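These protein sequence lines are chains V and D, in that order.
Taking this note's numbering, the leading residue of the first sequence gets 1363, the next gets one more, and so forth.
Taking this note's numbering, the leading residue of the second sequence gets 0, the next gets one more, and so forth.
If you're looking for bench data, these hints aren't it; they were derived computationally from the structure.
Among these hints, one or two may not hold up.
Cross-link-like lysine to any residue pairs, in silico, SDA-like; alpha carbons within 25 Å at most [unchecked claim]:
1. D:4 / V:1486
2. V:1503 / D:27
3. V:1433 / D:4
4. V:1399 / D:3
5. V:1503 / D:20
6. D:4 / D:16
7. V:1399 / V:1387
8. D:4 / V:1366
This structure is a prediction, so every number in the text was calculated from the model and none was measured.
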Amino acid sequence: LAESLKGYDTIISALGALDQLQQLNFIEAIAKAGNVKRFVPCGFITICPRGGILTPRDEKEEVHDRIFEHKIPYTIIDVGYWHQLSVPHLASGRIDYALHNLYLQPPKFYGGGTAKNILTDKRDMGRFTARIIQDPRTLNKRVFTWSDVLSQKKIFALVEEVGGEKVTQINYVSL
Amino acid sequence: MVLHKVLLLGATGETGGDILEGLAEDGEFVSRNVFTCFVVTHILNRILAALSSQRLRTSPRSKLLKSVTLTLSSLISKETRTLWQSL
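Go ahead and model the full structure; you've got the sequences and the hints to work with.
See below:
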């Protein structure tokens, strides 16, 4: 594997949120190849502290530790919560085409819905990534990408305004 | 024009697909055909990884599958190199 990695300027991993640790052996191969100019690990997950809060986040940090250990040139791209997971489902189903399958169910509404969330549109990730890996300033840095900062209250209001119907069947979650 | 040579792992996945689109749209990176080869190689690598698991390692059928997968992987890697050299 190390041999086949030689000659790349950049390696981007998008193995999946639940496959983070599969990258560990791959990082060993990158280290052995020795001439990869930039590795972008799969880490397109929301930011939170490590330590049992979000399993993919803990695994992601373990991957980062291995990158640092080998002193592999890197760029870590962090994202906000996906737009596609933030927009609530409407009873008529008229906006389901734009939602992630995970969210085709009654949405959860946390507290009063006033906390602002940093959001990233998943469809922008390619453009973000293309620009980031061509920018020398992003080498050995964490880069945060986002496109909106909105509260749930604001998002729901926008959906109701544009969709022309009330968001129903909300699961209220107290904080 | 010197193209930026990028290996994208997981290009058929949720986020990987979006990244592939963005890189292809940008135009500063290697052609999509090369990406496709890498995607196939990645899938084959995943099969090999699965075959290495404790549960499957002892299965006689998995030995045959591993052999076929390795051959395919080798052919795809060769094809990728050819595409690369043609850039």
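Which of the listed hints are broken here?
Nothing - there is no hint that the structure violates, so all of them hold.
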